[in-house]
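Residue numbers (full-length UniProt numbering), protein chains in the order written: chain A, 1 to 279; chain B, 1 to 279.
Worth flagging that the hints you see were computed from the coordinates, not collected in a lab. There may be inaccurate statements among the hints.
Claimed, not checked - SDA-like, lysine to any residue: derived pairs with alpha carbons at most 25 Å apart:
#1 A:Lys180 <-> A:Asn240
#2 B:Lys279 <-> A:Thr256
#3 A:Lys20 <-> B:Met199
#4 B:Lys20 <-> A:Gln5
#5 B:Lys20 <-> A:Thr9
#6 B:Lys279 <-> A:Asp130
#7 A:Lys20 <-> B:Asp50
#8 B:Lys20 <-> A:Asp50
#9 A:Lys20 <-> B:Lys20
#10 A:Lys20 <-> A:Thr2
#11 B:Lys279 <-> A:Pro255
#12 A:Lys279 <-> A:Leu136
#13 B:Lys20 <-> B:Phe61
#14 A:Lys20 <-> B:Ile141
#15 B:Lys20 <-> A:Thr2
#16 A:Lys279 <-> B:Arg251
#17 A:Lys20 <-> B:Pro162
#18 A:Lys20 <-> A:Asn6
#19 B:Lys20 <-> A:Met199
#20 B:Lys279 <-> A:Glu262
#21 B:Lys20 <-> A:Asp198
#22 A:Lys279 <-> B:Tyr258
#23 B:Lys20 <-> B:Gln33
#24 B:Lys279 <-> A:Phe61
#25 A:Lys180 <-> A:Leu135
#26 A:Lys20 <-> B:Asn6
#27 A:Lys20 <-> B:Asp161
#28 B:Lys180 <-> B:Asn206
#29 B:Lys20 <-> A:Pro162
#30 A:Lys180 <-> A:Leu136
#31 B:Lys20 <-> A:Leu52
#32 B:Lys279 <-> A:Gln265
#33 A:Lys279 <-> B:Met199
#34 A:Lys279 <-> A:Glu204
#35 A:Lys20 <-> B:Leu201
#36 B:Lys180 <-> B:Ala149
#37 A:Lys279 <-> B:Gln265
#38 A:Lys20 <-> B:Thr9
#39 A:Lys20 <-> B:Thr2
There are 2 protein chains.
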Amino acid sequence: MTLDQNWFTETSDGFGLALKTTARLHEEQSEYQRIEVYATESFGNLLTLDGLVMLTSRDNFVYHEMLSHPALYRHPAPRDVIVVGGGDCGTLREVLRHDEVQRATQIELDERVTRVCERFFPELCEANDDPRATLLYQDAIAWMRDAEANSADVILLDTTDPVGQASRLFGEAFYRDCYKTLRDGGIVVAQSESPLFDMELLQEINQGLRAAGFDSVQVLPFPQCTYPSGWWSATMAGKNIDVSNAAELRRCDLPTRYYNTELHQGAMALPQFLREALK
Amino acid sequence: MTLDQNWFTETSDGFGLALKTTARLHEEQSEYQRIEVYATESFGNLLTLDGLVMLTSRDNFVYHEMLSHPALYRHPAPRDVIVVGGGDCGTLREVLRHDEVQRATQIELDERVTRVCERFFPELCEANDDPRATLLYQDAIAWMRDAEANSADVILLDTTDPVGQASRLFGEAFYRDCYKTLRDGGIVVAQSESPLFDMELLQEINQGLRAAGFDSVQVLPFPQCTYPSGWWSATMAGKNIDVSNAAELRRCDLPTRYYNTELHQGAMALPQFLREALK
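Okay, chain A solo, but in the shape it has when bound (with noise of 0.2 Å):
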């Protein structure tokens, strides 16, 4: 069958994703993309940025817990943390959601990505007034440059794909500067696309944290319907703590949809063809 203009599709090396929309709601060409925001027939709410899937209303779930639970319950006492991207919110949400943090700092650079969120996705944004919150609009690589050392316990990078501005935010350099602010403890979580699409990449962000003096780094799977290929991942390291040790992981205590302990043990099992890549 062809897809008509009724289906939002995103196609990448022979490969198409689609949801069947129904409305438009909004469209806007901001300083930095094009947002737009769909409704779908069975996915809720659509999130697009340049013409690519940030997220829907169903599905956001695995991604936004696993991209922030894991570090936050290896961390033995996770204070200070530091959203990288993650204009929707949904990540500073579950953050938020651990009584340890006492602050939580989120550097965007496109202010209208959280505006909207907060129309279209207010349940991702219900933590914005946290009183924890700081939520600031500009360049993340010249705030993390200029952060303090020694600063921060947790750094998630919730970016774009390394594309255009976003491929800096993908580099040892930019790695560099995350350790640096980083506190002894420290970890630092990047999502890091496809492992089926894109294994150089992971390769590339694994060999870019150990540069930048990371001493251990794990690369955690999860299942992502509406990104392609449908799998997804998120790599976490340490700065003089071991991301991989199972066994001190702070036991899950928040009502959680994908995240529980096991589940985190689980996906540390990495799958053949990946174990071999990033060895």
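Given the coordinates of chain A, work out where chain B should sit on it, guided by the hints.
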């Protein structure tokens, strides 16, 4: 964008998957279904039955390994194995890589599927001439009803979706015949659709297996890029054997691409919503 006739598309419930095709290599209407094979831009060859993706050259390894190896490594000595469906022969190939297997019997309804796959997916059919293999083309419901009691160690239900003919392969009555056919300590595995899209079916399969007499049931989710939602599952059930016992797995000693022992153990840790739904 719209997707034209150069894309093979499969849609269900407002979600679509698409693969860019470069040629239609084969098309026929068999006694049972429409069989098509396409060459794709980035997934190798694509087999569809009645317009639904069955497999691609690129990503079938995940499905075939996760349907076969978990049961074969959990069983202490799998000698007699039955494959129901599986006409592409990829599951049979994985089964026959195990030296412990002395007899593998495949019961596929549509011989044409196997003949087409021998031509367009020869790598999946390379074990078809193994002297331990018997390939039958007949109704598996009747075959299992008439099968000798206590004659098999592992039964793999490598079926199409539970619509039409195939729906009887997902019911308690058929599971009872599987139970009868298995020896004590035997294991059945069903392909059990998407954890995201088909939760009700997953629950029915779990309940059906327990009602049929199986005393332990374990769901194993895995990514499957070209199936709806990109996320799939196998459900194992044991006849007087605990299929959730991770300590009793025999270690994987075969070269694999997805499966390994730790991954099998890890996959048993279910996402929170699945854990709660199957409680």
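Hints numbered earlier in the text: which of these fail when held up against the supplied structure?
Of the numbered hints given earlier, those the structure breaks are 6, 12, 14 and 33, listed in rising order.
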